[in-house]
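The hints should help you fit chain B onto chain A, whose structure is shown.
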Amino acid sequence: MASVVAASLVEKEEPGGFVLAAAGEWLVATAAELDRRLRAVQVPSGKRVTLDLTGIDRLDTAGAWLLLRTEHDLTTRGNAVEMRNLRPNFEPLIDQVRAAAIIAPARHPRPAYHTIAGFIARIGEVTLALIARAYSILGFFGVVSTTALRLALHPRRVGMTAIVAQMEQTGVNALPIVGLLTFLIGVVIAYQGADYLRFYGLESYTVQLTAASILRELGVLLTAIIIAGRSGSAFTAQIGTMRVNEEIDAMRTIGLDPVEVLVLPRVYALMLTLPMLTLFANFMGIFGGGLMAWGVLGISIPEFFTHLSTISHWSFWIGMIKSPFFAIIIASIGCYEGFQVAGSAESVGRLTTLSVVEAIFLVIVTDAGFSIFFSSLRI
Amino acid sequence: MPDPPGEPIIRVRGLVNRFGAETVHDGLDLDVFRGEVLGVVGGSGSGKSVLLRTIVGLNRPVAGNVEVFGSNILTMSDDAQREIEKHWGVLFQDGALFSSLTVAQNIEVPLKEYYDMPLRLMDEIAAFKVGIVGLPDGTGEKYPSQLSGGMRKRAGLARALALDPEIVFLDEPTAGLDPIAAGEFDILIRDLRSSLGLTVFMVTHDLDSLFAICDRVAVLVDKKIRVGTLEQMLQDDHPWIHSYFHGPRGRAAVLSKTGQPEKEKMRAAVSV
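As they're listed, the protein sequences go chains A and B. Going by the numbering used here, the first residue of the first sequence is number 10, and it counts up by one from there. Going by the numbering used here, the first residue of the second sequence is number 253, and it counts up by one from there.
A short list of chain A residues far from chain B (calculated; beta carbon distances all over 12 angstroms):
hint : residue
1    : Val19
2    : Lys56
3    : Thr124
4    : Pro185
5    : Ile234
6    : Thr262
7    : Trp326
8    : Thr375
So, partial list: chain B residues that the calculated Cβ filter (under 7 angstroms) puts toward chain A:
hint : residue
9    : Met369
10   : Ala379
11   : Phe380
12   : Gly392
Computed footprint of chain B on chain A, listed as stretches where at least three residues anywhere in the stretch have a Cβ under 8 angstroms from a Cβ of chain B:
hint : stretch
13   : 35-47
14   : 68-74
15   : 102-110
16   : 344-356
If you're looking for bench data, these hints aren't it; they were derived computationally from the structure. Bear in mind the structure is a predicted one, so any value in this text is a computation, not a measurement. Virtual Cβ for every residue (Gly too), placed ideally from N, Cα, C.
Chain A on its own, in the form it takes in the complex (with noise of 0.2 angstroms):
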């Protein structure tokens, strides 16, 4: 900032020694000035120093700390220095700033790898942090699975208000996004296979492709995916959340289970809403495809079951069978990290983003799994 500099340094050498008269307004708008003056102050080791404050009119904290570290300076390069002339109601804040000061600047944090070395140690750490995080997980799952069954013989305390709750939040709400979304990516199958199809005389066959790759992967998929980002997130933030209030705590010290309060609803919840919004899915997403082959290449409405009914059931189950699964990736990815947030508010935001991410990479690779699994079935 290029403000007025309302204070001055003037250097002196007199008979005595050396006098430096500081004058005008020593504060924090001014500091910059002054340190850049007196670090360029060029006194001779061994002299007597005399610090003339006659002249100041102001002084605050900032300014104190460039008087006292200048006397500090000159001292310890050999120099007898005096401060002279300070006006007495300055005297507390001097002293403040003096008893304050003995205390070093704080480091500012680096990043901790810079070298290759560093680099490769990176490498390892987060490579045992991923074994020791998919270590946890697989016992969070234990967990849950014990609790579901304990609780299978108590079927009694299945809190039924909460798992409704939670598949009306989860599913009935999640309805417009699903089906707009797969209505959209039938359109767009429909519409980029019949091009190809096209090219070797097939476009009657665009039904058969939209309908079988929105049964077998795409429907199921896209739900997965649509409802790890919006219910995934949710359950992450909201028993994070109850994390960082203490409510957890809360819940164990009156003998509640947060597994089964908290994790078991929500698993079952979603257990139930994920088939039927892949149903809807799949339904929305032959729709759209439908829609393009009777706008673009003329298939008719009885043409069209005429192609669909050529496709096997278990493109239809092989979607449906995998949606319970995904459904509890989803929900104890989503409840495993709300659990890990710790102290501040700040963790709530990173294992949300965490959770998402982790729900959609166990979806696919689990989705790759069934794939070579039905393939061996030859199904």
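Just chain B now, with coordinates in the frame of chain A:
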């Protein structure tokens, strides 16, 4: 920003704050004078924090005027507002430190924002601010999550003091601290007030703080404010004010201040 002596540094007139159907302040007037420590008390929900937030411009009132350093906070330009913000510091309840920055970096944020300073000088300033608020050596390198509640408040105060403000606003500075830490915080505020010449606007529930450091007390009752010295407040016969100062805790605070029975000590309490 010099004021003629005796002129209020903060002047609130006819303040009305309403949230939905709930009226919090209804025609509230308040003056804060340079160099004083004003304690603001009131029951839960009486609008103490709302008053603080209104004065520092975080809350827009329904009606009324707020002048700080003689200029109207509500109508001033953004540039004028920035100029004023250089001259006040605010300590929020839990410190409100930026969690992604170290304590030293937190203190440097206002310095960086307002002044073009070499990094080295900023580090030096941050270091002695850490010392001024009584934090141990090395605290500057720590992150807020590594600090206890009391240390976070001190670090928040260090950030509020970064620009050597003329006014500091403290929102319940001793809430959540143990009595020893709270007492130390009172002493810290008192020392800083006398050495730095601060004006302190302090929202508090803490009767001991009121008796230890406040020159005047402002009590929020009936959507308005009553201001006076402690002696005047002790004699006020408004039911809420009476039970506040003459309840068991109020009496204990008066007694502990002077070691004398209530009647005589009222005079002594004022001179504190």
